[in-house]
Amino acid sequence: MPMYTLDWFANFGFSVLRLSTPLIFAALAAVISRKAGMLNMALEGMMLTSALAGVILSGFTGSVWIGLIGAIIVGVLSGAIIGFSNLTGKTDLYLTCIAFNLAATGGTVFVMYLLTGEKSTTSAAIRAFSVPSITIPLIDKIPLIGKMISGHNLLTYLAFLSIYMVWFFLYKTRLGLRLRAVGENPKAASSVGINVTKIGYISFLISGILCGLGGAFMSMGWVSFFMKNMTNGRGYIGLSAMNIAAGNPVGSALAAIFFGFSDAFATMIKGRGGDFPTEFIEMIPYVATIAALVVMNIIRMGQKRKIEQGVKQK
Amino acid sequence: MAQEVLRMDNITKIYDNGFVANKNITFWLNKGEILALVGENGAGKTTLMKVLFGLESPQSGDVYINGEHVKIENTLDAIDKGIGMVHQHFMLLPSLTVAENVALGIEPMKKGLFDFNKAVKMTQEVADKYRFNIDPLSKVEDLSVGQMQKVEIMKVLIRGAKIIIMDEPTAVLTPQETDELFEQLLLLKEGGHSIIFISHKLEEVKRICSRVTVLRHGYCLGSYDLENMNESDISRLMVGRDVVLKIDKEDPKPEEVVVKIKNLVKINETGKKVIDGISLDIRKGEVVGIAGVEGNGQSELSDVLCGMDTFSSGEVRINNQDIVGKTVHEIRQMGLAYIPEDRMRHGCAADLSIKDNIISDRFFLPEYCKGLFMKHKYIDQLVDQYIKDFEIACDDKNQPVRMLSGGNIQKVVVAREFTSGSNFILANQPTRGIDVGAAEMIRKTIVKKSRTEGTATLLISADLNEVLECSDRLLVMRKGKIVAAFPKANEVSEDELGEYMLGIKTMTAKEMENVL
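Heads up: the sequence lines are chains A and B, in that order. Reminder that position 303 of the first sequence reads as 307 in this note's numbering, one-by-one numbering, no gaps. Reminder that position 512 of the second sequence reads as 1875 in this note's numbering, one-by-one numbering, no gaps.
No wet-lab data here; the hints were simulated from the structure. Treat the hints with care, since some could be wrong.
Simulated crosslink set (EDC-like; lysine to aspartate or glutamate; CA at most 20 Å straight-line) [to be verified]: (1) K1552(B) to D1530(B); (2) K310(A) to E1632(B); (3) K191(A) to D1530(B); (4) K310(A) to D1672(B); (5) K1623(B) to E1431(B); (6) K1842(B) to D1505(B); (7) K310(A) to D1505(B).
Being a predicted model, the structure only gives us computed values, none of them experimental.
Just chain A, with the same shape it has in the complex:
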C-alpha cells in the first residue's frame, strides 16, 4: 500500500492539530469555569454565536481582525448573559446553559437569514475571510515535523499558547488563586473576604474569550464561512476533555488533542472511501469521548474503593 508514507504521516499529524484547535479552546474554557466551581455547558452555544459574529463582522467591515475581535466580544457577552442569569438572577446553571445553547442554534440561523436570506450557510452571501496561516521559518524545513507543525492557522498556535496562559493565570496570579479558592470551597473563600459573585463573573468573562477564539477558528480558519450548527458538539467534547483531566489545564488540552486525533482518524477513514457507512465513521469522536469518560471513571472508582477497604486491613 502506498498509503503510509512520510508525507501521509505529516498530513495526518497536521490534520490532528488542526482539528484539535477548537477542542482545545473549548476544553480550556471549561477548565476556567470548572476551577471557579461551575460546569459550563454553554460552551457549544457560546462558540456558535462567536463563529457567526466573526463571519458577519469581517464580511461587513472587510477586516479579518475586526471579525476576530468581534467574535471574542460576542463570546464574552454570551458568557455575561449566562453569568447574569446564574449569579445575579440565581437561575439554575444547567437549565440556563441548555436554554442558551438552544437559543444559539436557532438564533444564529435567524440572524443569518435576516442578513443574507440564506438558511444554511453564509458561503455565497458574505465575502470570505480567514485568519492567516503562518509558516514557521526553519522549522518548516525539518522533514515530517516541519510539515506537521508549520503552516497552521494563527489561531491554532494561539490555542497551544493559551494552554500555557491559562495555566499561568490559574497558578501564578492572585486572581487565579482566588478563582481556584472559590471553586474549591466558596464558603472558605468568602470567609476570608473574597467576593464570590465577582469571581464567578470573571470566570465567565475568560471562558467567553476562549470560546470566542474557538468559534472564530471554526468560521474563519477551518472554513471561511458560517454554517448552521457548525460547532457540531465540539463544546461538549471540550467539556468532556476537561472532565477527563479533572480540570487540569494541560491534561484537558491533551485530552482535547486525543479527541482531535479521533476526529482526524474518522476523517481519514472517510477519505479512503469504501463501503463503510460514513454515518458510522462520524460517530468515532463521540464514541471515543464516551469510552474515555467511562475508563477514567472506572479508574477513579477503583481508587475510592481502595480507600474504603484499605483502612480496614490496618
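Got chain A; can you put chain B on it based on the hints?
Using the frame of chain A, we list chain B on its own:
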C-alpha cells in the same frame, strides 16, 4: 480585676421559622482567659458564635468589645474588630499549600503577580512566633486533621485576631493532637489572646478553661468559675431534663433473635471509621435504645441497617437473612420497617397525598392490585382507617403531605411503617421536632407494638427522655462504638448516661458482654 475584652448583652436570635435559638443571652470574656461555652446539640452555642462573627444578625442585643459598643454586620467587620473563628468544619482549600491557604484574601503581591515566596515567609513567621511546627509548602490535603486545625489557627492569627472562637476544636482530634492543641492554646492565652472554647467534652473544659458558660435550649443558665465545679455539676446543668414523660410498660419477654449485627465496620470516603466494630442482637418483643451525642455513628448505623449505605466488613442478619448487597426494597421484604431521621427527605414524598405515601411501600403487593390497576376502593378504605387510628389531622386522604404540620407528617410515616407487617422497626429520631402530643402517641405505639405484636425495635435518639422511657435495654454510642450497655433503661439515671455520652466513663467489653 480582669480586663473585659468582650461582652454580649441580652442577645436574642429567632430564626425565620420561629425557632428561638438564643433568648436573652448575656456573657463576657476577660483578657487572657479561656472560657468554655457548653451545651447540648441545639442549645444555641453555634448560633451565638455566628452572631458574634457576623454570620447571623440577632433580633436584639448588644456587643461590646473592650467596653466599646460595636456593630458587627458581616465577617469582615468581625475580623476587623479582632475576632477570629476556627470553624468546626474547616474553611480550608485542600488542593492548595499551607501558605496559600493562610495568605488567601490578604495575598502579598509582586509586579502584579501573587508573591508566593512572600506568602511562605509570612506563614513561616507566624508559625515560628507561635511555635507551630508546620511546613508552609506542604499541601493541606496531605496534612493530618490536627495540622489542618493549626493552619486554621494560623489564618486567624495572621489577621491579628485577639479574640479567638474555637468551635468544638477537639471533636476531630486524637488525644495526642488534643494535648498539642491545648499547649498551643495555653501559649496563646499567655500571649494575651482570649479564647472562647466550645465543647461538650467536660474533662477538656475542666483541663484548660477557667470559667464556663452553660446554654440549654437557647437560654443561658449562667457563667461559673470552674474551680468550684466538677464534671457532674456541669453535666447536670447541660443535660437536665425539663418534662418527664412517663410510659407505663410491662417488663419485656424477649424471645428469639430477629436482628443480629456482628462486628459491623463502616469506613467512609475519607477513610474514617464511622462505625467501629458494633455487635448486638435485637430480640422479638423488646425495644433496644441507642443514646449518644449526635454524629457518633448513629446516622451511619441506621443507613447501613436499612440498606441506604454499604458497610466495609461485618455481618447484619434480619430474620436470619444476610442484608449484604441487598436493596432497600429487598431488606424491607425481609421484615424491616424504617422511620428515618429526616422525614422530609427520606420519610415521605412531600407533594404526594397521604394515601399515596401510605401505600408507597406496598402498592405492588397482590392485595392492592388487580392486573394493571390499583384497587382504589379497598385502598381508600384502608387509608381512612389508618388516618383514624393514628389520629392524623388532615382534610382528607388526598391532601398533599407537605400541607400537614410536622407532627402529622411524622404520623403519616409512622402509620405506613407500623402497618407494614414487619417484625423489625428501625426508628431514628422518631419524634424530633414534633409536638408533645404526637411524640407521646408515637412513643406509646412503639412500646405497645413490641408488647402485643412482638416487634423487635431499635430506637436511635438524641432525646434522653425518649430512650430512657421507651427502651428496655439501653446502649450508648460514642465515636462509632458502643461504650455502655444497660440491661434496664428505667434504672439508669440521666447523669450517669450523660457521663458515658460525653466520654467521662466507658464500659469495658466484659461489663457489656451479657447485655449486647
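Point to revise | Hinted pair K1623(B) and E1431(B), Cα distance within 20 Å | key: The hint is violated at about 62 Å.
Check your understanding: If you draw a straight line from the CA of K1552(B) to the CA of D1530(B), is it 20 Å or shorter?
Key -> 17 Å, holds
**Study point:** Hint consistency between K310(A) and D1505(B) [alpha-carbon to alpha-carbon, up to 20 Å]
**Key:** Since the Cα atoms of K310(A) and D1505(B) sit roughly 17 Å apart, the hinted pair holds (cutoff 20 Å).
Review point. Is K191(A) within 20 Å of D1530(B), Cα to Cα?
Key: The given pair, whose Cα atoms are some 16 Å apart, holds under the 20 Å limit.
Check your understanding: Taking only the CA atoms, is the gap from K310(A) to D1672(B) under or equal to 20 Å?
Key -> The given pair, whose Cα atoms are some 17 Å apart, holds under the 20 Å limit.
Practice item. Quickly compare the C-alpha distance for K310(A) and E1632(B) to 20 Å and report which way the hint goes. Key: At roughly 10 Å apart (the allowed maximum being 20 Å), E1632(B) and K310(A) satisfy the hint.
Exercise for review: For the pair supplied as a hint, K1842(B) and D1505(B), confirm whether the alpha-carbon distance does not exceed 20 Å.
Suggested key: 23 Å, violated
The structure shown violates the earlier hints numbered 5 and 6.
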